[in-house]
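Using the sequences plus the hints, can you model the full thing?
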Amino acid sequence: MNPLRPIQSRLQGIPVSLPKRHLYGIVFLSGLTLLTTVMLPSPHNMSEQPVRISIPASLNLPQKAAKEQVDNTEFYTLPSDDIGPIEPVDALDEIASTEPEWQEYVVQNGDTLSTIFNGLGLPLATMYKLLDADKGKALDGIKPGQTLSLLLDEDNLLQEFKIKRDLLHTRIFTRDGDGYQSRLRTEESNWESRALSGVINGSFYISARNAGLSASQIQRVANLFQWQLNFAKDLRQGDSFKVLVQREYVEGQSTGKSELQAVELTNKGRTYYAFRHEDGKFYDDKGESLERGFIRIPLERHARLSSNFNLSRKHPITGRVQPHKGTDFAVPTGTPVLAPGDGVVVKAVRHRLAGNYLVIRHGRQYTTRFLHLSKFLVKQGDTVRRGQRIALSGNTGRSTGPHLHYEFHVNNRAVDAMQVKLPMADGLAGTEKKTFLATVEKYKREFAG
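Residue numbers for the sequence shown follow full-length UniProt numbering, so the first one is 1 and each next one is one higher.
If you're looking for bench data, these hints aren't it; they were derived computationally from the structure.
Note that the structure is a prediction, hence the values are computed from the model and not measured.
Heads up, a few of these hints could be off.
[Unchecked claim] Straight-line C-alpha distance at most 30 Å; calculated DSS-like pairs for lysine-lysine:
(1) K162 with K135
(2) K135 with K433
(3) K268 with K442
(4) K257 with K433
(5) K137 with K164
Here it is, written out as structure tokens:
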């Protein structure tokens, strides 16, 4: 049956002048329009219709496998109004790019802070603000190998700056308004003890180096026993030593810092001890001080004696017999001079013969004098401690060349500073001594173990 027959019968009574094929076209389009209107949902119900999301079978699979995949596929339906707009990838990248980023720079040979900032595209005005906040002078003289960390925002403004001074310390600068605030961060560290031992074979220095001691530690050991032993003359082949050293570590890395805790030295069958106390000083195994009240030589290092104490010496310039009441050390101008003991500076003046001339009074009995100095580091009335730097050696006044002239007076009479018997420092007593002796036993057990 022709499906258009009812429509044709209705149109039979209407006069038309169109060809028959045109009439058929109009009928077809009218039917298509009616069908579309019936099938579409109303606007009122469109937002409530669920959106059907499915995962289709792969087009590359065989027909059977594709059917199984379709059967096993889970279909999820979500209300259309729950699907929000999806950010484009470039928008996400733009959001991420606004986050401040850390940059690290390792200082190279020849670098200065200004060349580093120029190379990183940072204004020198920022560098000057850091320098203004640098109370600890961490930025003075940066060294190759140091790591600089910089936190920059999207406008290339420096928000935070870190400079690692060493394993223990990092100076941190944080932006504060138009400037910066700085603070020092100190890492946690731990100290580990290790006993080093050896037998004298040749010099003490070589033997101690072979045992693992550093040059500074060897010098420290020699200084501890300087009043009991002459290391150059007294030590013999076969003498032995044990040294307990404590080293500092940060996360397993050595900071380079170490401390001597105890020393045991056997010479010709006699054993000498040195144990560190809480006050930082060393005492023997009975709590007696190893130090004397005075340093024999008021210099940081031993120096050649260019002229000894001699009350009958002829003056090298005038040729007349004139007592030499001191000891001369041949040292270059600018060598640090140390206070030989605790005392008070009673004179620091310029003298036409003695040059820059300094006198220290040590209690009621002892006085020391220093001549031909280039510079005073203390002034009259200052209290000084043993080992403190008080002046720099020189060649001022009537002098034949750069040197230090050092005098030691007992009851206002000059004596030979290299031969005079010096007073011992005080030992421990009371509860402090009892605590120390308990520590001594612990150290001795470590030596034995």
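Status of the hints after comparison with the structure:
no., hint, verdict
1, K162 with K135, "holds, 14 Å"
2, K135 with K433, "violated, 42 Å"
3, K268 with K442, "holds, 25 Å"
4, K257 with K433, "holds, 28 Å"
5, K137 with K164, "holds, 13 Å"
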